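Visitor: Given next are the chains, with one letter for each unit.
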Amino acid sequence: MPIIELQEVSKLYGFGDATTVALDEISLKIDEGEFVAVMGPSGCGKSTLMNLIGLLDRPTHGRYALHNKPVERLNASRRAKIRRDTIGFVFQFFNLLPRLTVIENVALPLAYKSLGSRGRIKQAMNMLERVGLTGREFYFPRHLSGGQAQCVAIARALVNNPKIIIADEPTGNLDSASSRLVMELLSEIHKTGNTILFVTHNPELTRYATRVVYMHDGAIVQDEQTRIGEIAATARKVMYTLPVKTEEDDLEGVSTLMHALPHKEAAKSVRNTKAGKKKPAARRRAAAKGKK
Amino acid sequence: MSAMMRGNLRMAMSGVKGARWRSLLTMTGVIVGIVSVVTVIGIGEGVKRQVSEQVSHFGKDLITIRPGTMAKDHSLTSAGETDAVFGMGTISGLTTTDVKTVQRAEGTGTVAPLGVVSGAVDVDGRTYTATPVLATSFDLPDALNQKMAFGDFWDNNSSSAQTAVIGHDVAADLFEENVPLGRKFTLRGQTFVVRGVLNAFPEVPFSPTSSFDDAIFIPYQTAANITNNDANIYAILVKPEDPKALNDTVAAITADLKKSHGDQQDFNVLKPGQAAENGSSVVRLLTTWITAVAAISLFIGGVGIMNVMLLNVTERMHEIGVRKAIGATSRQILGQFMLEATVLSVLGGVIGILLSLAVDGLLYAYTDLKPVISWQAIVIATGVSLVVGIVFGTAPAIKAARKDPIEALRHE
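From first to last, the protein sequence lines stand for chains A and B. Residue numbers are given in the numbering used here: position 20 of the first sequence equals residue 87, and the series is strictly consecutive. Residue numbers are given in the numbering used here: position 338 of the second sequence equals residue 429, and the series is strictly consecutive.
Simulated from the structure, these hints should not be mistaken for laboratory data. Every value quoted in this text rests on a predicted model; they were computed, and no experiment measured them. Incorrect hints may appear among the rest.
List of simulated lysine-lysine pairs, PhoX-like, C-alpha gap at most 25 Å [claimed, not checked]:
{"no.": "1", "chain 1": "B", "residue 1": "K238", "chain 2": "B", "residue 2": "K151"}
{"no.": "2", "chain 1": "B", "residue 1": "K490", "chain 2": "A", "residue 2": "K148"}
{"no.": "3", "chain 1": "A", "residue 1": "K96", "chain 2": "A", "residue 2": "K148"}
{"no.": "4", "chain 1": "A", "residue 1": "K148", "chain 2": "B", "residue 2": "K494"}
{"no.": "5", "chain 1": "A", "residue 1": "K180", "chain 2": "B", "residue 2": "K494"}
{"no.": "6", "chain 1": "A", "residue 1": "K230", "chain 2": "A", "residue 2": "K258"}
{"no.": "7", "chain 1": "A", "residue 1": "K180", "chain 2": "A", "residue 2": "K230"}
{"no.": "8", "chain 1": "B", "residue 1": "K151", "chain 2": "B", "residue 2": "K461"}
{"no.": "9", "chain 1": "B", "residue 1": "K490", "chain 2": "B", "residue 2": "K108"}
{"no.": "10", "chain 1": "A", "residue 1": "K180", "chain 2": "B", "residue 2": "K490"}
{"no.": "11", "chain 1": "B", "residue 1": "K238", "chain 2": "B", "residue 2": "K362"}
{"no.": "12", "chain 1": "B", "residue 1": "K461", "chain 2": "B", "residue 2": "K139"}
So these bits of chain B aren't anywhere near chain A, every CB distance computed over 12 Å [said to hold, decoys possible]:
{"no.": "13", "residue": "G150"}
{"no.": "14", "residue": "P158"}
{"no.": "15", "residue": "I317"}
{"no.": "16", "residue": "F390"}
{"no.": "17", "residue": "L446"}
{"no.": "18", "residue": "T485"}
Per the computed footprint, the stretches of chain A lying under chain B, defined by three or more beta-carbons under 8 Å from a beta-carbon of chain B, are [as the list claims (entries may be wrong)]:
{"no.": "19", "segment": "118-126"}
{"no.": "20", "segment": "142-153"}
{"no.": "21", "segment": "179-192"}
All C-beta atoms, glycine included, are put in the ideal place defined by N, C-alpha and C.
With these hints in hand, go ahead and build the complete structure from the sequences.
Guide: Rendered as structure tokens:
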């Protein structure tokens, strides 16, 4: 029985001539316990899809059933309560509240459930232990490394014991070691029965998934079952076949091609010309190549 | 208090602490407003207490007759208030005939006119122009329940003698001794002998009786002689023979005076308390002004809080998005920002209350006003600041609560 069921869901922005189709009649069923990777070029609607599934947004057309209950027309307050109880969010930029300590950040969703402070602290402590951050309870987010901050964000997403975890590029801002840490953690969570959806640009990370969904121009172009531990077949291919959309993708494509070539020096020179924030991705790719 | 609210309260407090200067500046309007509110209530309470002390001192049956008209509720109209400040309301005096009419009215006991004698007082060659000289009858101590400190008041036999009784402060100010009995002074070329010193009167700011401590009293007949019957009577004090017949006596006096004034009610017959209240009309004017200041500064303070909260909401848009994403309902976000606004204004209120203690202390020390800080004033001040926070915090909180989570998350 699917836990998430989308039927011909569309999301449009703007009016009249200026209408943009972000999602184009998407139908998708996700069963309980799946570990789904969503891939595709920038602007293809991955994040919009995640927001819709996560009930942060409402579809313009189509039907959405969560646990077999229609949720596409719920009001903001009902959606907030479902988010609180069944969905955990992990973001690319962690989105921890800077003025709260680690433990307060993790316990925050419980506060919206009106749980007493003792209960909140206890559950948050358990979660921090689970993500391996015991001893950092009273640090502020600025005192943590990127990987640690993302682990805290995962702990926060898990603290309400949600059935579904939605992670929008959870490793997009992390170096390869931290990425691995975060993905291993998500993998652990998946083993306990949670359904996980994550967006990634990195084909390497499809190793953790049981299913990979490829998107392009607001539509699902391929849906592939895959085995844990293996990079999805299309994932490797798709990097070369998907048309480039932006300058960033252009650079991405070029650097990927460079990696495929045996000249290390050439790869390095491309890496150096890229913006600072792209560095981890390049390093990640280099690491992936090293593994091979 | 729910756990949620406690958490929000702690957040709000840490927010205030984190931006100390900003918070303090935001609270300034509320602080000034609350200081004004507490001071106004304090002054009002103080004057009320002083008036009631005065009434209990003078007796609950003292009738005061004043020239001029008065609104039905016995409060002066706004035009009347300025008149009272400049003394215009007392220009048309009562006359000796009026005194006689009152004396003849049914049920009246002691009758003491109060007239102003113009002229400077000369003591040992020094001239004092600011010392009021009042012409009255020997019934004055009876009418006001006032005891003598030294010496005695003149009696029926010496009511046209050149003798005087002085107020408590005159002894030290003019004669530079505590008991200047037998000392002489000159007024309008006539020499007067001091035969008594009155006890101090209860202090009531701006009340005509408080200046009695600085006044010299001379017999009314003497005053009429030296001023060619020109002693301007600004009040007649009357005590009924039977204190229980107060209302009947007031009615009888009113009827008789009206008859003798050709059916014109150009005078007022006031019961105890009413007279003192009118005396405090300057206090009322002051109170009105401070209330206006309080209202304006509270409004400005509220707008300041609204402004800072709007800024706060914009600055923390991303946080709002995150909170909504992890399950905060719009109502919970609304509550959080309302609470923050309220914390700001109530904190301003608390600082205002503390400051007003200092202000009232200064007033107590340096003026005739004796403000009283009551728990009611503190409750009202806290309530007012709470209301300001809620009223002016609502718009920014609604803005925060209505924000679409995705849009808010995109905000950096």
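Visitor: Of all the hints numbered above, which does this structure not satisfy? Sort the numbers upward.
Guide: none
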